[in-house]
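Just so you know, the sequences run in chain order E and V.
Numbering of the first sequence is given in the working numbering, commencing with residue 298 and proceeding in unit increments.
Numbering of the second sequence is given in the working numbering, commencing with residue 122 and proceeding in unit increments.
Everything labelled a hint here was simulated from the structure, so no lab data went into it.
Misleading hints may appear alongside valid ones.
Unchecked claim - Label-pair restraints from in silico Cβ distances:
| hint | chain 1 | residue 1 | chain 2 | residue 2 | range |
| --- | --- | --- | --- | --- | --- |
| 1 | V | Gly224 | E | Asn475 | 29 to 37 Å |
| 2 | V | His134 | E | Arg455 | 22 to 30 Å |
| 3 | V | Val241 | E | Val426 | 49 to 57 Å |
To be verified - Stretch-level coverage of chain E by chain V, calculated; a stretch enters the list once three of its residues show a Cβ under 8 Å from a Cβ in chain V:
| hint | region |
| --- | --- |
| 4 | 353-363 |
| 5 | 436-444 |
Note that beta-carbon positions come from the ideal geometry of N, C-alpha and C, so glycine has one too.
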Amino acid sequence: MRRRSSIKRFVGALGVLVVAAVLATVLTRQAQGEEPVVAPPKSTFSMKEAVQFANFPLYSAGDSVEGLPLVAMLKNPPAGDISFIYGDCKPTGETGCAPPIEIQVWPACKRNPSLYDESTLPTKIERTVVRGVPAISLEDGARLEIQTGISTVVIFGRGSDEVLRVAAALQGVNVPVNAKAALPAPALGAQAGDVPCKL
Amino acid sequence: MVFGSVASAAWAHFDTGMYTHSDCPAPSTNRVDPINFVFYDWGTFGRVVNSIETHTAWDTSSGTSQTFVSHGVCSDMSGQQASGSIFVSRYHIRLRLIHFDDGPLGWTTVGDAHHEDLVVPCGHAVDENGPNGSGFDQGRNQLRTHMVDNANHSFYSTWWGNTQNMRQCDGDYARSDGSTTFLHIHQDLH
């Protein structure tokens, strides 16, 4: 019994030494300006699941957009919205980074224009129409939120022109909507969040 | 979304970006963390640090630098507070004094509260999106719990929708749930 606990303590101490050594190596590399060790992007959702998804209509820009491949798909708990991430970026050992383009599709019951109090928002909201349906543009056009059916499609991009091109490229994943075609009108009450959540 | 007893009237001059950045200038391509905390009224940097250090164990100030934008101007952060060193998993917030708003907000300092795991061999990674929110939500909620439940600071929350996912060095993604906490800071130091 005493021997077993000694071995456990030894293994524990060895583990701590290994972690410390690896950490010291990582920090030394970073201090010397070397690239950090970064893992590839991880998806938490798949295109197969997206096609079969029945909670609300999903839209993506296909396998690639603006020359950027689809690198990851996410199901974002706890809201349950779905992300399509295009292009990658370089995080460091101390900072994350923003991928160039992200399409987030929310159920309108969870995200809709009525959530915003414009008198207390540090960015202007511009109302517009995209592919025949209402939309709002924020952050000088780098974010666009489109109301269609019972979904809210949010596009994050690098500028207003790019975001509008991505909006034009949106196509249905689990609904038959082609790129550039008119999007389905928002469901009654969707813009106010007065639609039931089917999650 | 929780709305406290403080009425959120129109702001006269409050202006901040919704994300921190890795450097100046600050285009959307070098965004790093969502801003999810605003200290207001007597929210000067020194008072904010005093409150955080008094009510939480976030009393170290180690970590890399990031930048903030206000009124279209990019600036280095004012400082940072953390619950541990860069060698451990920890809660962390970078802070930037914005300016005096002659409306109801007064002096404001904004921050990007988060929890980050130490991931070997890459370094610090904010906890990925999960049933209890991401590391950004956990950090904001933890700070709010300390300041509100333990210290009676009043607060309210408002929807900013800054939910862009940020890639972390461990391959995961983390984002804010889009809600920002406004926490009242009083004039007196502790």
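Hint numbers the structure violates, sorted upward? 1 and 4
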